[in-house]
Amino acid sequence: MKLFTKLTLFITLSKLAIVLLFVSLLPFLVDRIAYQYNDYYLREQKKKVLDVIRRNGIQEYLQGEETYGSYTMLKEEYISLEPAGPTVQRDTIATSRRLVEGDTLTYRVLSHTFDYQQKRYILEVGKKTATISQYNKPLQRVALSVLIGLIILTVLADLIYTRLLLRPLSTIIKTKLINPRFPFRDPLPPVKTSTTDFRYLDDMLIGLMGKIKAAFEKEREFTANASHELMTPVGILQNKMENLLIDEELDEVQEKKIMGMMKTLNRLKKIVHSLLLISRIENDQFPKTDTFSLQALVEEVMEELEHRLQEKQLRFAMEVPADVMLSGFNHDLVFQLVYNLLNNAIRYNRPEGEIFVSWQPHQLMIRDTGTGIPPEELDTIFNRFKKVERTENEGYGLGLSIAATIAQYHDIRIAVSSEVGTGTTFTLIWPYALKAEQSDR
Amino acid sequence: MRVLIIEDERVMAAEMEAFLRKVYQCDLAYTARQGLEKIEENAYDFILLDLGLPDKDGLHLLQEAKKNCPDAACIILTARGQLEDRIRGLDLGADDYLAKPFSLLELQSRMQAISRRKYGLKDAVIPLADFQVDLQKRIVYFEAEEIELSRKEFDLLSYLLLHKNRPLTRMQLSEHIWGNYAGDDYDSNYIDVHIKNIRKKLSAFASVEWLQTIRNVGYKVKI
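Note that the protein sequences, when read in sequence, are chains U and S.
Read in order, the letters of the first sequence are residues 1 to 441 in the working numbering.
Read in order, the letters of the second sequence are residues 1001 to 1223 in the working numbering.
Keep in mind the hints are simulated off the structure, nothing from the lab.
Yeah, the Cβ is synthetic: ideal placement off N, Cα and C, and Gly gets one too.
Mixed in with the good hints there might be a few duds.
Label pairs and their in silico Cβ distance ranges [as the list claims (entries may be wrong)]:
no.: 1; chain 1: U; residue 1: GLU282; chain 2: S; residue 2: GLN1136; range: 36 to 44 Å
no.: 2; chain 1: S; residue 1: LYS1056; chain 2: U; residue 2: ASN243; range: 44 to 52 Å
no.: 3; chain 1: U; residue 1: LYS288; chain 2: S; residue 2: LYS1056; range: 30 to 38 Å
no.: 4; chain 1: U; residue 1: LEU250; chain 2: S; residue 2: GLN1132; range: 53 to 61 Å
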């Protein structure tokens, strides 16, 4: 998940959680505050009454009667004063019911006992509970809407700021990580940002890309120089031998010796060629811009190999549709890849054997009826200079490693299945199929 | 025909000259400066140009050469093996390109092919004992009759004919025919198959004793 998505989710969800928590706590809180305030109010009322009694005497209320009781007009509050038994001792605030003029009403009642002129009285100050919580609902509504408004405001501010803040990061990812055109031939401009973390990241990436580019250039130069330094002496030797061979005075023994030397030199030449080819491919020196028909390519390869096929009297069959076009590849390299595989299929085949080339969507299969590859060797056949049992016509162990390098260069996967004595199948899985496979997973 | 060899490796230049002087009149230059002087002084039919010269880029020299000797055919020789060199060289008007190490036989064969292209059909039909070989149309005739050879068989025969009276090794022949496919080399023996086919096809018309086998070495056209 992208950083921005994660942050967005976190910001929204956390604010949502706060809202939910507040909504669930709000009635309880408001109620509590209302009651606390009410209790405080009742105590104040009590103090006032006691003050009046202290100043003016209890008769101010009783007016000679035994008890005193007073209600406000809508029976929302009341005060009562009664004599109490000497054992009664009370100083509480509680919610209780009172019967007032035939109605049973719930009141919050403060009861307080006090002694006045050796007589014990009980004072009650009550307030109807309905009155206490009458402002709760509107209060809650106002609080909630203010809260939601504020939350929306902060969420918006957070998201906009996060987006602005992360913009350099997404630019870095887009230009330098997701779509870097290896080997970074054109230097990318630094990303504009005042965030030091991103600055650091971007500087590091630019530095690394520069280093890779420099290493690549160096390798390119090296292959050109190595090629020159190795090939020039080989060329001189070859030409010297060729001139020697023309010499009319040469006898057969000498001729044969020169031939032997040429053969060895040729071997050296091929090895150097192959190694340079591998390092040029790895150095990205071949443009991948060709479009060609796969069927035509296999036919071209078979034309080159026809004579070998005939000599071993092999049967060759191909089922590759004519409309299979490959684009975005290097024709010469893919030719070399198919050539090397078919060449092996011929070389390791039994006389009068078969070679079958077939196509399934995005897979080219080359099946032979050859000696097969033992399972323990399957992992190493693509290694350079991998030695197999040498026969007289053996190669130098670079054919498959070149094939592997070319395949890797084009994101082609090579799969091998083999059974000793029955044959081997090499499957080239084209990158389109690889991508499809990956997205299926 | 006059050939200028511009090559800084003196030994290499000497070998090329030794090989070519039987057919061509050769001049040598070891640096770009010497090469330019020679180009200004003389008119050449061929310029064999090494790209890796010490004093100047060979491709630059190619442009100069094209100005001074517009008729000369240029063959680029290089061991740098850079693909771009080849493309740029051919873009700049080079007639052919040979990667070092190359076979002197191959060089000569390329020069002959250019001659045929540039200077008309003079030597396009070459007699070969009782046969005629038309290099332009790539057909072998016995009197008026066409003899059908495969592409590779014709390549082989014409290469042998071009270097007649010289022993050509199987390796030299296979390199000419199959080029330099990097990888494995065990082609040499297949030359025998082709030679057998050529003999079979031609001997139906006349003797092919001129196509000689040199035991363990290769083949030779002796006429």
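The hints, checked one at a time:
no., hint, in the structure
1, GLU282/U / GLN1136/S: 36 to 44 Å, "holds, 43 Å"
2, LYS1056/S / ASN243/U: 44 to 52 Å, "violated, 29 Å"
3, LYS288/U / LYS1056/S: 30 to 38 Å, "holds, 33 Å"
4, LEU250/U / GLN1132/S: 53 to 61 Å, "violated, 31 Å"
The structure is inconsistent with the numbered hints 2 and 4, although it conforms to all the rest.
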